[in-house]
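With the hints as a guide, bring both chains together as one complex.
Chain order of the listed sequences is X and C.
Position 94, counted from 1, in the first sequence is what our numbering calls 1244; the numbers after and before it change by one each time, with no gaps.
Position 45, counted from 1, in the second sequence is what our numbering calls 107; the numbers after and before it change by one each time, with no gaps.
Hints listed in this document are in silico derivations from the structure and should not be mistaken for laboratory results.
From a predicted model like this one, the values you see are computed outputs, not experimental measurements.
Ideal placement from N, C-alpha and C gives every residue a C-beta, glycine not left out.
Among the clues, some could well be false.
[To be verified] Derived DMTMM-like pairs: lysine to aspartate or glutamate, alpha-carbon spacing no greater than 25 Å straight-line:
#	chain 1	residue 1	chain 2	residue 2
1	C	K118	C	D156
2	C	K111	X	E1249
3	C	K118	X	D1235
4	C	K114	X	E1249
5	C	K139	X	E1249
6	C	K130	X	E1249
7	X	K1163	X	D1235
8	C	K122	X	E1249
9	X	K1163	C	E104
[What the hints assert, rightly or not] Not the full set, but computed from the structure, chain X residues with beta-carbon under 8 Å of chain C:
#	residue
10	F1195
11	Q1198
12	S1236
13	L1240
[To be verified] Listed next, the stretches of chain X that the computed footprint assigns to chain C, with coverage defined by at least 3 CB atoms under 8 Å from CB atoms of chain C:
#	stretch
14	1178–1191
15	1243–1255
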Amino acid sequence: ETGVTQSPTHLIKTRGQQVTLRCSSQSGHNTVSWYQQALGQGPQFIFQYYREEENGRGNFPPRFSGLQFPNYSSELNVNALELDDSALYLCASSLGAREQYFGPGTRLTVT
Amino acid sequence: GDSVTQMEGPVTLSEEAFLTINCTYTATGYPSLFWYVQYPGEGLQLLLKATKADDKGSNKGFEATYRKETTSFHLEKGSVQVSDSAVYFCALSDEKLTFGTGTRLTIIP
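If we strip away everything but chain C, and leave its shape as in the complex, we get (with noise of 0.2 Å):
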């Protein structure tokens, strides 16, 4: 079945520096590929998708691009904030979204 991994956290970084969240993926079609942020206390907030081989997606200065060829969707972010201190989860859609386990990333000023 399809499946999703994820680099293991926790993941500690100081403000500004360089991110990268690296996720793999396991599917038999051609999925479409997320990355899903959570606050603490809260629900899932869709970050950015893309939906086929070679798309890029970005918002708030977080970019990944769907590599089909190593089967990869990694999460990059040039500067990072205090703010982007959260959960951050890949995952894979067939309908049902398919989720990694999570990165928990801190930022430290």
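Bound-form chain X, shown alone (with noise of 0.2 Å):
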């Protein structure tokens, strides 16, 4: 069984560029989940996409924005880039509800 797998492990972008993060789910789920971790600080919820369709949103302006395919891999769209954006970017995966299991992470640099 394959877990959730992220990429690019890390890549740096410069202000007000564009990035795009990239997220395989294990096998068998249907729901994608997107978390921000600035350094020393728990992860924060941006999003979530159940079966295509966006299924909850935290505290996140517009300029982040996301898409899940049919084959429930997801990918996290961040435009017009901040200082303030680089962080370890988490994506999870589920069955539903069910308890989440997080990939390794994208460690985007903004400078």
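Structure below.
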């Protein structure tokens, strides 16, 4: 059974640019949630996708957007990057509302 | 809204010491409660969970009991090892996860 995978592992972007992060969910899971973890903090919920529809959103501006594909993989897009967007972005998959399993994360640095 | 308050760190203990990391929560409903562990440079791993009041979650020698009367879910281990050094997060779930700020644990030989 393949776990949750994320790509890329690290990336560096410049303020104002756009970025796309990718997540492949664990086999059999239909729900993907995205979290932002700033250095030294707990993860903060960005949004969740269930069967290709957004199913809840945290306190993040509209420049954070996402997609879920028919195979339940997902993308997180961030436009107009700001310095404060530098963080570890975590993807978690689950079967509906059951426990979430996390990927290793993507470390984004905005300069 | 829902929130989780977690014991401030960092915590440093000697090997074989007893561990307690305190966690209290505020929630409007009846959430499930979790402890996650994060090793350096890695994502989060589910350590244990409890889904209703008085449930005890346990794994790898760690335990936590869902106490509705005190809104707490304290993490305990009777004898810690160097390999337990990591950051521990308490979390509650109402479909989305709400995390505490994390407690960094260092075990010295």
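(message) Of all the hints numbered above, which does this structure not satisfy? Sort the numbers upward.
(response) Of the numbered hints, 3, 12 do not hold.
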